[in-house]
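Go ahead and model the full structure; you've got the sequences and the hints to work with.
Residue 551 is where the sequence shown starts when you use our numbering, and the numbers rise one by one after that.
Just so you know, these hints were derived from the structure itself, not from any lab.
For every residue, glycine included, the Cβ atom is placed at its ideal position computed from N, Cα and C.
Among the hints, erroneous ones may be present.
To be verified - In silico BS3-like pairs for lysine-lysine, Cα to Cα no more than 27 angstroms straight-line:
1) K715 with K680
2) K764 with K729
3) K561 with K594
4) K707 with K764
5) K729 with K715
6) K715 with K764
7) K913 with K993
8) K971 with K992
9) K764 with K913
To be verified - Here are the computed distance ranges between Cβ atoms for each label pair:
10) V906 with T738: 14 to 22 angstroms
11) I667 with V592: 42 to 50 angstroms
12) N990 with N904: 12 to 20 angstroms
13) D976 with Y684: 44 to 52 angstroms
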Amino acid sequence: ELLSSMLEGVKCHLDSSLPHVRRLGMVVAESISSRVNTDGPVLKFQVKIVMEYMSEIPQAPASFLHLTRRPSSRAGLRPLFSLSFGVIPGASQGAFPGGASPALLADARVRVDDDLIPYDMSGDKELKAKAPVYIRDCIEVLTGSEEDVDKWEATVKALESLVRKNPAATREVSVELAKILLHLEEKTFVEGFVELRQRAQVAVLTTDPIPVAKYLTSQFYSLNYSLRQRMDVLDVLVLAAQELSYPKSHGKTKQPDAQKPCIQVLPASDSPKDWRRIVDERIKSKTRRFATGQSQVEQTFSPNEFNSVAGHFFFPLIQHFDRPLTTFDLLGEDHFVLGRLVHTLAVLMYLAVNTVAAPAMGKALLEFGWALRFHTDPYVRQGLLSCISSVLLSVPAQRLLEDVAEELLETQSWLGDVLEKDPDGDCRRLALQNLLLMENLKKKL
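See below:
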């Protein structure tokens with residue numbers, strides 16, 4: 551029984567991370583085993599004792615050692631072990647270094663770490679991870695399994711600016727980057743994460759509109775997407791269309807040339823042919839000019855970039871709305887997403903004013919609205935009425951009468967019914983607005 555208890559103590563000491571505790575366990579084990587098991591083999595660790603007072607331990611009685619467990623005063627640290635010594639027969643205080651007793655030496659070793667004063671780190675600056683400088687490095691960080699949270703956060707914050715500064719590199723991986731951002735989830739708390747991800751998506755879409763728009767619109771009707779992701783696709787398409795449709799103007803303020811009156815000394819001239827120049831210069835010097843209004847601004851405009859890509863944003867969204875999927879049914883229980891889709895189409899139609907695809911988009915949108923005119927959700931009906939307003943404002947009046955004259959007459963009749971019978975006040979207001987637009991359209995013709 552004594553040998554079994556000794557072996558448990560040896561295991562406890564050998565598992566310690568402190569070298570002197572391990573050495574002490576080996577020495578005590580050798581001493582105890584040599585006295586307990588006198589006839590059989592004894593433990594031999596073949597360890598060299600460095601401390602001078604440890605040379606007295608093998609000759610001491612086996613009962614003088616007591617290993618006590620003392621809890622550490624510091625939270626989070628493993629419990630420390632202290633050794634209390636009994637009185638060794640025949641041993642004097644001079645046998646130990648400095649004349650101190652072994653109990654005092656052991657307690658001093660234990661208290662050394664507890665007495666350390668913690669370093670003041672309040673003034674230290676936190677080292678932040680550097681953001682990647684290349685698009686492909688961003689992709690590796692966002693898709694990798696590396697648990698570097700600081701680097702991941704820096705990448706999310708810097709991605710939009712990198713995309714806009716490196717359009718050529720972005721076009722090489724635009725679809726892959728759009729896929730990553732669509733599925734990107736927040737690993738750790740990042741302030742404004744949703745907005746940062748959305749702005750990065752808009753930057754990728756405006757940098758390479760056609761392939762990215764094809765990918766996003768195809769994913770809107772795909773399987774295994776949440777309703778939140780589908781609405782994110784609609785939001786990104788609208789924001790990118792707004793950015794592309796607004797002309798990029800760089801205003802330069804031109805200050806008016808205000809000439810101050812001054813005294814001019816005219817040189818003497820004997821030639822009579824210079825009289826006209828002299829008179830003109832004198833009149834010019836005595837003329838006072840006053841600037842009126844604000845400074846004039848010269849603006850350089852660029853073409854509407856949405857003109858060539860409007861169809862890629864619009865037509866894929868309007869094609870498959872009536873095809874229910876296993877987890878997605880626009881005409882069924884997912885009518886809120888249908889309402890968002892209808893409002894998105896209205897915005898895209900409005901932004902397509904003066905574009906080549908506007909007449910075709912207007913005709914398709916009127917047919918789309920006619921199929922859903924009796925929908926029970928007022929939010930969907932409001933979106934349909936907004937679509938009609940966008941068509942009337944964006945498509946030239948002449949093209950409307952040439953291409954969709956019959957559809958306009960049917961729409962006008964339906965608007966009258968909505969104005970009289972629809973229970974929703976906003977729907978009635980939008981119907982009245984559309985009827986006034988139609989009247990103004992007739993007056994222009």
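Task: Hint check against the structure, violated hint numbers in rising order - done: 10
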